[in-house]
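Trainee: In case you want the letters, here they are:
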Amino acid sequence: MIDQPRGDLATKQQTTASRLILSPGGRAATALLLVVFVGLVFNADGAFFKSATHRDALRQASVYGILACGMTLVIVTAGIDLAVGSVLALVAVCCATMAIHWNWPGWIVVPASMVIGGLCGAVSGTLVSRQKIQPFIATLAMMVFARGLAKYLSGGSKVSTAVKQADGTFEYVDVPYLFRLIDSRVLADSVSVVTLIFFACATISWIALSHFRWGRFLYAVGGNEEASRLSGVPVTWARTLAYVWCGVFAGIAGICQAAQEQQGDPEAGVAYELIAIAMVVIGGTSLSGGRGGMMLTTLGVFTIGYLEKVLSINAVPEAWRLMLTGVIIVIAVQTQRSRRA
Amino acid sequence: MRTGLKLVSVMALMLFVCGCRTDPDSNSAGTAKPPAQGDQANWTIGMSQCNLGEPWRVQMNADIKAAADSIDEVEVVFKDAQNDTLKQRSHIEEFVNAGVDLIIISPKEAQPLTEPVAKAMATGIPVIVLDRSVLGDQFTCFIGADNKKIGKAAGEWIKAELKGKGKVIELRGLSTSTPGQDRHDGFVAGIAGSDIEVVFEADMKWLEPEARKEMDSALARFDNIDLVYAHNDPGAHGAYLAAKAAGRQKDMIFVGIDALPQEGIAYVKQGLLGVTFQYPTGGQEAIDTAMQILNGATVEKQIVLGSRSFTPDNVDQGGAAVK
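Residue numbers (our numbering), protein chains in the order written: chain V, 1 to 341; chain R, 1001 to 1323.
Check before you lean on any hint, since a few could be wrong.
With a Cα cut of at most 25 Å, we get these calculated DMTMM-like pairs of lysine to aspartate or glutamate [as the list claims (entries may be wrong)]: (1) R/K1269 <-> V/D174; (2) R/K1167 <-> V/E318; (3) R/K1269 <-> V/E318; (4) R/K1087 <-> V/E267; (5) R/K1250 <-> V/E318; (6) R/K1149 <-> V/E225; (7) V/K50 <-> R/D1251; (8) R/K1079 <-> V/E267; (9) R/K1269 <-> V/D167; (10) R/K1148 <-> V/E318; (11) R/K1167 <-> V/E267; (12) R/K1065 <-> V/E308; (13) R/K1244 <-> V/D174; (14) V/K50 <-> R/E1201; (15) R/K1250 <-> V/D189; (16) R/K1205 <-> V/E318; (17) R/K1244 <-> V/E171; (18) R/K1205 <-> V/E171; (19) V/K164 <-> R/D1251; (20) V/K164 <-> R/E1285; (21) R/K1065 <-> V/D45; (22) R/K1244 <-> V/E308; (23) V/K50 <-> R/D1223; (24) V/K164 <-> R/D1063; (25) R/K1065 <-> V/E267; (26) R/K1205 <-> V/E308; (27) V/K164 <-> R/D1313; (28) V/K164 <-> R/D1069; (29) V/K50 <-> R/E1054; (30) R/K1244 <-> V/D167; (31) V/K164 <-> R/D1223.
Take a look, some chain R residues computed to stay more than 12 Å from chain V by CB distance [unchecked claim]: (32) L1086; (33) E1093; (34) A1122; (35) L1162; (36) A1189; (37) G1319.
Some chain R residues close to chain V (C-beta under 7 Å, calculated; not the full set) [said to hold, decoys possible]: (38) G1124; (39) E1208; (40) E1210.
Hints were generated in silico from the structure; no laboratory data involved. In this text, a Cβ means the ideal position worked out from N, Cα and C, and glycines have one as well.
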């Protein structure tokens, strides 16, 4: 600071810059850049610079991301939905049964799968908002129930293209067109279709949260339930719908999971809810409700997606991956905390 | 409240409809066969499975059921411990209290289940231990396959197929689990003395989506991959899907283990895998041995099951025995 006037100017610019960095979006972006930077340094003999690596990182994060889109709305209301992983498995099983075994066309399978997911969400939502059961407990019950139902419907084994006949032999059928379509890539192989589905889900959730009255209601409910009830917010209705929304998105994620695995696995999606919650929280949406948003969650999805990819291309042993992921989540959330907290 | 009730009833209706559409045979592995008719001498066998969440164990129960169904005087009661050691321990106690004639157990882990098994033996009930063992010698008979031997057979097959030279990806089940370690150690022994180089290895936790993720990374990192050795068939299938998405599935061979009819064997028939090695469930052998014991014969303490390899050339003939 020898040159006074220039220093002044620099300080002013710095404050604008630091304000940007310290905003929730800036903090989430910083966490993402940190992970990308680690990737640039540990690039696994240049694998990180290949476009296919980034395409695959986004594809792998997409199923979690779709869950996180629904989860954001529930978390904004100060709730939580632990059932999404199980609902994903249930829908994957139903979807594979409809598409592979019954050979139903995609335009029936997709809406039907979303309805199944939505119904699960509706049950959780009703339990939470009408029966006043705590979200943790209500969705925990749904998590166990949906997993059981998935196992029951599939008979405990995967619903695959090997269809068991009455005499115990297997007949091999083709992978349905719907599954091939979802697991394909567009734009000269540069983007996976599941990534586009994630972007679409993120956009729809963003519009719902920030441009619709219902979205405002969700923030109000999460911020102060009693105050919003007194000011005429339809609390029960708004909250139930958030869980339905989350269930529908878990359904969409289930379709994507089944399409990518080419089968419906009743054991799929174990602990996916935790990854989805981590994505939302790393983005900067507060678990205590009323604060956050879809843009932040999208950054959180990228952060975790890239973290997994960087660890994977470097073939980091499992034990180290778990420890590093734990440490990095803490660092990311710590950078994310706003000054008020 | 009314809307809530409506939703619940719609949900219930849906469940009912879905339930009716499933094949009633598909979940019969979990239920016991009704007792044989008449007053003939009936043997009741109690079967405690550690975790029916794994397809291979579903197959084991199905094999036991199929073998038992062909014998009139045997009834098998199945229990699933859902991967919980203490639950499995109470299964043994329940079987003893119910006075079954013989117990088959596929234990989750050795140490905590050794004593319950020994106590059952002390009451005079013979116990057959399947797949994973218990400690000591307080059981009638152990039936299991040898993962090291299977891993070694896979390694030797790979050595011959690649003519002793090439770049290999190893997708490990779980490096902290015994089958994962054995399938790895056997493989290393099998390729010993060749110029085969394992360029990338990762844990895929026995799961197909994880295998696909790890394979994506391997593909991004290496332009030349000759073969993928996965510790189970879903892992090999996940790797195949990743390579196919990159348009490189024709450049490499995929090797899996387990050879379940609806998984590994199906993949070999469809031409996705170059070979899969059977990890036998021992279901048939367990019932055969049980009948010998119940009829008063003495059986060997350790029965090691053989494995079979299935390639596109021999899969329709039922595979070839692994030496």
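Trainee: Look at each hint and say if it fits the structure.
Mentor: To see whether the hints hold, each was checked on the structure:
1. R/K1269 <-> V/D174: 13 Å, holds
2. R/K1167 <-> V/E318: The hint holds at about 22 Å.
3. R/K1269 <-> V/E318: 33 Å, violated
4. R/K1087 <-> V/E267: With Cα atoms ~20 Å apart, R/K1087 and V/E267 stay inside 25 Å; holds.
5. R/K1250 <-> V/E318: 29 Å, violated
6. R/K1149 <-> V/E225: Outside the cut-off at roughly 63 Å; violated.
7. V/K50 <-> R/D1251: Holds: V/K50 and R/D1251 sit about 20 Å apart, inside 25 Å.
8. R/K1079 <-> V/E267: 19 Å, holds
9. R/K1269 <-> V/D167: 19 Å, holds
10. R/K1148 <-> V/E318: Given pair R/K1148, V/E318 holds - Cα atoms ~22 Å apart, limit 25 Å.
11. R/K1167 <-> V/E267: Roughly 32 Å between the alpha carbons, so the hint for R/K1167 and V/E267 is violated.
12. R/K1065 <-> V/E308: Cα-Cα ~42 Å, so violated.
13. R/K1244 <-> V/D174: Status holds; Cα separation ~16 Å.
14. V/K50 <-> R/E1201: The hint holds at about 20 Å.
15. R/K1250 <-> V/D189: 18 Å, holds
16. R/K1205 <-> V/E318: 9 Å, holds
17. R/K1244 <-> V/E171: 23 Å, holds
18. R/K1205 <-> V/E171: Roughly 29 Å separates the two Cα atoms, so the pair is violated.
19. V/K164 <-> R/D1251: Given pair V/K164, R/D1251 is violated - Cα atoms ~32 Å apart, limit 25 Å.
20. V/K164 <-> R/E1285: Status holds; Cα separation ~24 Å.
21. R/K1065 <-> V/D45: With a Cα-Cα distance of about 52 Å, the restraint between R/K1065 and V/D45 is violated, given a limit of 25 Å.
22. R/K1244 <-> V/E308: Distance of about 22 Å is within 25 Å: holds.
23. V/K50 <-> R/D1223: Measuring from Cα to Cα gives roughly 12 Å; hence the hint holds.
24. V/K164 <-> R/D1063: 15 Å, holds
25. R/K1065 <-> V/E267: 23 Å, holds
26. R/K1205 <-> V/E308: With Cα atoms ~15 Å apart, R/K1205 and V/E308 stay inside 25 Å; holds.
27. V/K164 <-> R/D1313: Holds. V/K164 to R/D1313 sits at ~23 Å (cutoff 25 Å).
28. V/K164 <-> R/D1069: Since the Cα atoms of V/K164 and R/D1069 sit roughly 19 Å apart, the hinted pair holds (cutoff 25 Å).
29. V/K50 <-> R/E1054: 36 Å, violated
30. R/K1244 <-> V/D167: Cα-Cα ~33 Å, so violated.
31. V/K164 <-> R/D1223: 39 Å, violated
32. L1086: 18 Å, holds
33. E1093: Check passes; 25 Å lies beyond 12 Å.
34. A1122: 34 Å, holds
35. L1162: 21 Å, holds
36. A1189: 21 Å, holds
37. G1319: 15 Å, holds
38. G1124: 33 Å, violated
39. E1208: 6 Å, holds
40. E1210: 9 Å, violated
In this structure, the earlier hints numbered 3, 5, 6, 11, 12, 18, 19, 21, 29, 30, 31, 38, 40 are contradicted, and the remaining ones agree with it.
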